[in-house]
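S.K.: Each chain, written out:
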Amino acid sequence: MIRKRVKLLDLNKRDSMRIDINRIEKEEEIKLLKELKWNGFVFYQYDDEFSKEKYEEVKEIGEKYKLKVYSGVKIREENSKKLRNKVKKFRNRCHIILVEGGVLKINRTAVEMHDVDILSTPELGRKDSGIDHVLARLASTHRVAIELNLKNLLNKDGYERARTLLFFRNNLKLAKKFDVPVVICSDAENKYQIKNPHDLRAFLNTLVEPLYAKKIMETTYKICDFRDYLMRDNVVRYGVEIIKEEKEE
Amino acid sequence: MLKTLPPTLREKKRYIAFKILYDEELKEGEVVNLIRKAVLEYYGFWGISKANPWLVYYNFPYGILRCQRDNVDYVKSSLILVREFKEKPINIICLGVSGTIRKAKIKFLGIKKPKRWFIIRREKLRQKQK
Chain A
66 MIRKRVKLLD
76 LNKRDSMRID
86 INRIEKEEEI
96 KLLKELKWNG
106 FVFYQYDDEF
116 SKEKYEEVKE
126 IGEKYKLKVY
136 SGVKIREENS
146 KKLRNKVKKF
156 RNRCHIILVE
166 GGVLKINRTA
176 VEMHDVDILS
186 TPELGRKDSG
196 IDHVLARLAS
206 THRVAIELNL
216 KNLLNKDGYE
226 RARTLLFFRN
236 NLKLAKKFDV
246 PVVICSDAEN
256 KYQIKNPHDL
266 RAFLNTLVEP
276 LYAKKIMETT
286 YKICDFRDYL
296 MRDNVVRYGV
306 EIIKEEKEE
Chain B
-18 MLKTLPPTLR
-8 EKKRYIAFKI
2 LYDEELKEGE
12 VVNLIRKAVL
22 EYYGFWGISK
32 ANPWLVYYNF
42 PYGILRCQRD
52 NVDYVKSSLI
62 LVREFKEKPI
72 NIICLGVSGT
82 IRKAKIKFLG
92 IKKPKRWFII
102 RREKLRQKQK
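Chains as they are written, first to last, in this note's numbering: chain A, 66 to 314; chain B, -18 to 111.
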């Protein structure tokens, strides 16, 4: 009897690194993150209150619980010229730059910049999803990720919540077609907004197919890892590293 | 009384273990209403008829919820979208999914030797007789 060996895709296999994006500072809440099996998180601050010392404090607590902590800054701006200047200013200070969307011009400027990592909440305060096929194509060429913000969904009720879900669906549909990176985050500020990574994936499973949901869950770590690599002292640009410095005699 | 269906025709079940973060202690009835309302809000009447969620075990802050195998993700995501109860913030965290109540208790709720269902039933019957 001939037995055929068939490799099945294991959809239940745990993904490698689970990284969240949030604003959690307290020790007990960071401990809860560890309990819920997150591998790390991006601690982001708004651009007007950005301080590196605060990040160092959070990083210290995070490392105590063996969590990887990345720094991030969220830029709130309504003028695209000012936004460009701010992105330039913060690029070398932190790992990840997020831009709060909502205004169509800001969405477009964010999506056109290589230095921006994530366009956060493109549908904020709008009556549409904030992203069309033109912006999606631009985001794909400049590798700017689109964020699905769970806090944005949680804070709404009734029909508005359903509308936000619809915008998520529309954005995901475009992102899949144009190969735009997508990121999901809980954006938690307190312990009541912290979610389990498997729950977030279950939520994604209700919107898209399981394999694409898996890809979305992994994207945050990929972005963080890439930026972490670029921020090393011996890296000149992507692929160019100084291995050993020769001293001239 | 109806005859029990053969195993292949029975509903395929999964048990979701969860934990509630809330300031005060909640009663079982309150949690049942909370869960029903949450699933109804996210999945609707049509969906809830498919998912068939049922609270099997509850001991604040932990609980076990039974639902249909194909609809676990929908029930889970409706639980995480609960924001407040009686004007206070609440968070329901899913600890994991299991095929049996016993394993869910051992693995996720930290009960080392859970009582078998027939022992619990026997004890209840004895209490009633007294």
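Incorrect hints may appear among the rest.
[Unchecked claim] Below, a sample of chain B positions facing chain A; criterion: calculated Cβ distance under 10 angstroms:
hint, residue
1, L2
2, E6
3, L21
4, E22
5, Y23
6, F41
7, P42
8, S59
9, I61
10, K67
11, L76
[Claimed, not checked] Pulled from the structure, derived: some chain B residues nowhere near chain A, Cβ distances all over 10 angstroms:
hint, residue
12, T(-15)
13, K(-7)
14, E9
15, N33
16, Y39
17, P70
18, N72
19, R83
20, K94
21, R102
22, R107
No lab work stands behind these hints, which were simulated from the structure alone.
From the three backbone atoms N, C-alpha and C, an ideal C-beta is built for every residue, glycine too.
S.K.: Identify whether the interface hint at L21/B stands, where standing means a beta carbon of chain A within less than 10 angstroms of its own.
M.R.: With Cβ-Cβ at 12 angstroms, over 10 angstroms, it is violated.
S.K.: Verify that the Cβ of R107/B lies farther than 10 angstroms from every Cβ atom of chain A, and report whether the claim holds or is violated.
M.R.: With a cut-off of 10 angstroms, R107/B remains clear of chain A, as the shortest Cβ separation is near 39 angstroms.
S.K.: Quick check for students: does the CB of N33/B sit more than 10 angstroms from each CB in chain A?
M.R.: holds, 17 angstroms
S.K.: Beyond 10 angstroms from every chain A Cβ: check whether that's true for N72/B.
M.R.: Non-interface label fails for N72/B: nearest chain A Cβ at 4 angstroms, not farther than 10 angstroms.
S.K.: Since R83/B was said not to touch the interface, does its Cβ keep a gap of more than 10 angstroms from each Cβ of chain A?
M.R.: Check passes; 21 angstroms lies beyond 10 angstroms.
S.K.: Using Cβ atoms and 10 angstroms as the threshold, tell me whether R102/B really stays out of contact range of chain A.
M.R.: holds, 33 angstroms
S.K.: Examine each Cβ of chain A, and state whether all of them lie more than 10 angstroms from the Cβ of K(-7)/B.
M.R.: holds, 16 angstroms
S.K.: Is the interface hint for L2/B satisfied, with its Cβ closer than 10 angstroms to some Cβ of chain A?
M.R.: Because about 6 angstroms separates L2/B from the closest Cβ in chain A, which is inside the 10 angstroms limit, the hint holds.
S.K.: So, as I understand it, the hint says K67/B touches chain A; can you test that by seeing if any CB pair is closer than 10 angstroms?
M.R.: Status violated, d = 14 angstroms.
S.K.: Given a cut of 10 angstroms on the nearest C-beta pair, is the interface hint for P42/B held or broken against chain A?
M.R.: violated, 13 angstroms
S.K.: Would T(-15)/B pass as off the interface with chain A, using Cβ distances and a cut of 10 angstroms?
M.R.: holds, 30 angstroms
S.K.: At a threshold of 10 angstroms, is the proposed contact between E6/B and chain A supported by beta-carbon distances?
M.R.: violated, 17 angstroms
In summary, the numbered hints that this structure violates are 2, 3, 6, 7, 10, 17, 18.
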